[in-house]
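Chemist: With chain A held as given, fit chain B onto it using these hints.
As a plain string of letters, each chain reads:
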Amino acid sequence: MSATTAAWLVLACPLAGTVVNALGFRVLRGRAPGWIGTLAIAAAFAFAVVAFFALQSRGPEQRQLVSSLWDYASIKQTTGVDARLSILVDPLSVLMILVVTGVSMLIHLYSVAYMGGDRGYTRFFAYLNFFVFSMLLLVLAGNFFLLIVGWAFVGAASYLLISFWYRRTTATRAGIKAFVVNVVGDAGLVLGTFFIFRHSGTLDFLGTFHGVGRDFASHQGALTAGLILLLVGAFAKSAQVPLHTWLPDAMEGPTPVSALIHAATMVTAGVYLIARMHPLFEHAPAAADVGAIVGCLTLLIAGTIGLVVTDLKRVIAYSTMSQIGYMVMAVSAGAYVAGLFHLMTHAFFKALLFMAAGSLIGAMAGEQSLDRMSGFKRAMPFTFGCFVVGGLSLAGVPPFSGFFSKDEILFIVGHQGGWHWILYAAGYVGALLTAVYTWRMIFRAFYGPPCPEAAELEAGHLHHAEVHRNPATGEEEDTDVGFPGPEHHIAEREPSMKVAMGILAVLASVGGFLQVPGVTNALDHFLEPTFADSRFNQSPSDPGLVTAGLVLGAVLGLLGIAIAYVVWVRRPGTSARLQQRFAFLHRLFVNKWYFDELNEILVVRPFMWIGRFGQQTFERVFVNGALVGGTTGLVKATSAAVRAAQNGFLRAYAALLMLGLVGVGFYFLLQAA
Amino acid sequence: MTLHLSILLWLPAAAGLLGLFAGRAARWVTLAGALLALAFSIALIADFDTSAKGLQYVTDQTWIAQLGIHYKLGVDGLNLFLLVLTTLLFAASVLWSGLDRVERPGQFFFWLGLAETAVLGALLAQDLALFVVFFDLMLIPFFFLTGSWGGPGRVPAVLKLVIYTLVGSLLMLTAAIATAVLAPGQGTTFVLSELAHRTLGTGSQEWIFLCFAAAFLVKMPAFPLHGWMPDGYRAMPMPVLAVFSGVLSKVAAYGFLRIALPLFPQAAAHYQELLLLIALATILYGSVLAFTTTNTRLILGYSSMAQLGFITLGIFALRPEGAQGAVIQAVNHGLVVAPAFFICALLAARAGGSEDLRDMGGIAARAPVLAALFLIVALANLAMPGSSNFVGEFLILLGVFNAKIVISIVAFTGVVLASVYTLRLFIRSMHNRVGPNVVSRDITVSDGLVLVPLVAVILAFALYPQLALHKGEATITRSIQPAAQAAAQPQIAATP
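As given, the protein sequences belong to chains A and B, one line each in that order.
Note that the numbering used here has the first sequence beginning at 1, numbered continuously upward.
Note that the numbering used here has the second sequence beginning at 674, numbered continuously upward.
Example chain B residues on the side facing chain A (calculated, C-beta under 7 Å, incomplete):
1) Leu962
2) Glu994
3) Gln997
4) Ala1038
5) Phe1074
6) Phe1085
7) Val1089
8) Leu1096
9) Ile1100
10) Asn1105
11) Leu1142
Only part of the chain A face toward chain B is listed, based on derived beta-carbon distances under 8 Å:
12) Val149
13) Ser163
14) Tyr166
15) Arg167
16) Val190
17) Leu191
18) Val481
19) Gly614
FYI, nobody ran anything at the bench for these hints, they're computed from the structure.
Beta carbons are placed, not taken as given, at the ideal position from N, Cα and C, and that holds for glycine.
With the rest of the complex left out, here is chain A (with noise of 0.2 Å):
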């Protein structure tokens, strides 16, 4: 089967799970909707290592495969717009089918068991098959035209799966948020594409990226614009400062969504379209650094906030921000392959440690406040370990596959010099708060004296709430569809959940070793042709300079937990003080640096302000006023009479109308003879 056959069944699959769960509503039973979910997504991974061996069989220059099914919106004559339904096979394109299928099967085999008591359970499977499918698009696409399909459809995807629970408000409204942040970002990609196509006179991504030197020579100012454009469309997506305010709240969605979200779909789309579209960068250096700088950011901010929040699943969801944020960062400065190895051992790692989440929050009967929490450690032994491996993954300790991919973007982000300097110092600020908010959240929901449910567990018995309520406002759920349901699982009575998370966490500990400085580069290796032309291609050897980063990195690590350590398990009152003494400060974390309420200010109100004076203003006063004065007039003196002979007058009207008609008619035709 050759390469490009293959990434399309890689793309049939989950659009046909897809379609059997969403026709299949009425007929399918008990758990079989989940079972048919997790096999498409199975068969979609089996058909991706097909296309991943199928493309290593060729030779390295000839592992760039375009393939095409129809004209999809192609006006080529006249316009030169050539929108065909075509895919790129290459080395990065497979690399992501991988990640993206392989970890989504993963999510899908614990949702079976995590999902069992919903009453949308075969909706949820229908939902998450699109929306693998939507991301598979995303990086299969071999040209803008479907590269923005992709990306709005994960956009639409993510809504209808953090709305899930669609009872809930705060699920609608957190729904409704992402996905206008998502359009934004999808207007921002189209209007990109506009900028580059004008110039370059082709959608198609090799055609483009070969003509970027002759096209853009005397148009860098078009190419910059247009890049910046992507850029606002990768941050949308990838939640990057300021357009990220929708991931937090995105946490609405029932936890495996929230895995998918974070580990293997979605906010990587960003890091993935930068890496993508290397070559145009490359030509225009500004925008790359306009990424670069906002990513840093964002690793700073999101690792600030993820230390004061007590919600344990927006911990993990502003580590991810963060962690996003170093991707970016590394894909913007020319370090393509370091960013996509963190992104993969990322996806490994984060998707870990929600699942883990979920577990504790089944075993919480859906509180998810870590004020609420404390002392699970013997109530869940399993739980408990891979949090930790998940922790130490994502704090960055040796030989974890966190350090070894955050190690490899600051070295060679530092090796460039300059200004980047800043960046790696940042790097390893963040990576310092990392390990700190990291073991912040395992040692408050694991240590200390075991909460009453962690006390209910420990004899045996799996708490269950009285009453349901909505963890965000307390308000009492609508039982009837769209909340939780009932039932709770934990990862230590479910074998499809406790796979899942074991896996994982065996891949979170050795995926590193696919590049480890000086021993192995795997990943450099096979990323090679896509990188082949890019001026960063040489990867930079100093010995000097890695050494001193694994070890900061490896000291910094350990640093966090012990700092956590000391401040939440062996002196419990340090974090009161600290808060009495950096008021301030975590006022502003705690407000998420007033980002929601700086977006309700300058944006959201002026717009109901508009709609709200057009509605009542201008509407009743000028066009039902001033511009029709002597309509309304009229109508008021003329309906009287009307509604008075009605129907009487209506039908004798419509007779001598039609008469008269006829009549003009006849005599017209009676001309023409």
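Modeler: For chain B alone, coordinates are given in the frame of chain A:
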């Protein structure tokens, strides 16, 4: 194969007339006529010769020799898909009303049939006088359909509608006569292909163009000529509103491409920026009103306004990609808005008869099929990439981007706002807590009979929009060419 367009044109009215005497079978007679017209127009698509440069299936008879008025009909890439849209939506509307209980069915279906013929006539006419006749004839059936079968407030609404459109029509009538009289050359003629060769002086072109533009902009409606729209939309019976919003507004957009641009190219280029700004204002105004009103009909009404703004934007980009986008978008919008209105009727039936969003909520749980259909329609309405609506919007915005970059950038606001008001409509009716009087149930088989085929067409178009683009490319480009040239060289356009 010879397909006589006169058959297509008069079939619906004839069926309606027959129905007038058919008593209780009126609906089936009219439905048969509408379905035959639909089949006819689909045959047109299959038979249409894509490589041909000009009109096809031309019927040309001298009607009033003294005035040079011809009964001339023809099909090209400009109206081909609008014809299919018209016959499809009317068939859906007749079926919907036929499955419902309508008072005095004979008359109702007669007017509906006549309305279809009027719209088809305006689309097929290749003679200016014939176009004006059909364009004005369109108003009459809707006057009676709203006046006799409409909801509360129908009398003031219908009078307002008539007065607005009558003013537009009179302007257009004057303009049409002036065009024929002022055109240079031997004898008067109203035939469009003849008039296109007899270019008027720029001075006359400009005022005549403005008269036509006024008539079309009222019909769309565009800001600030939309005063009749809120009342009109509130009063119309739902199946009538579905075709009114789905088809009639498109005839106005079509009028620009068929008449205003080819006959008055210099004027079109001269007023390009004015029309672009009106379109932009319509998009933004329609959008902000759509997300601040709570009446479901008006949300769709203002949303249609915004979409028509996009279509106008594409036309007055005066570039091939913009015009192609406008034509495909006209079809797309019709395909989306008609099922949306039918869905509104179903929502109201589940919310205790109220059409207000505040009385809805939580309908999805007991109506999964309805929710799924509504979701597809909603996503298409907000021009989600992957839908055919996005293809239209992409081409329109690309055209404007190449013509006037700033207007294109501002127009993107409308793209974002569309997602806000459409999702708001979806969420507040289908999701959130259950409304006070909501009793939800899924759609019946007869509802599905109308909705499912329409949604299937949306999906099919989403998968292969190339079909419409391919057939339209040659003729659409040709119809805007004179105006595009005039816009490119504004200095050369001097009067003789």
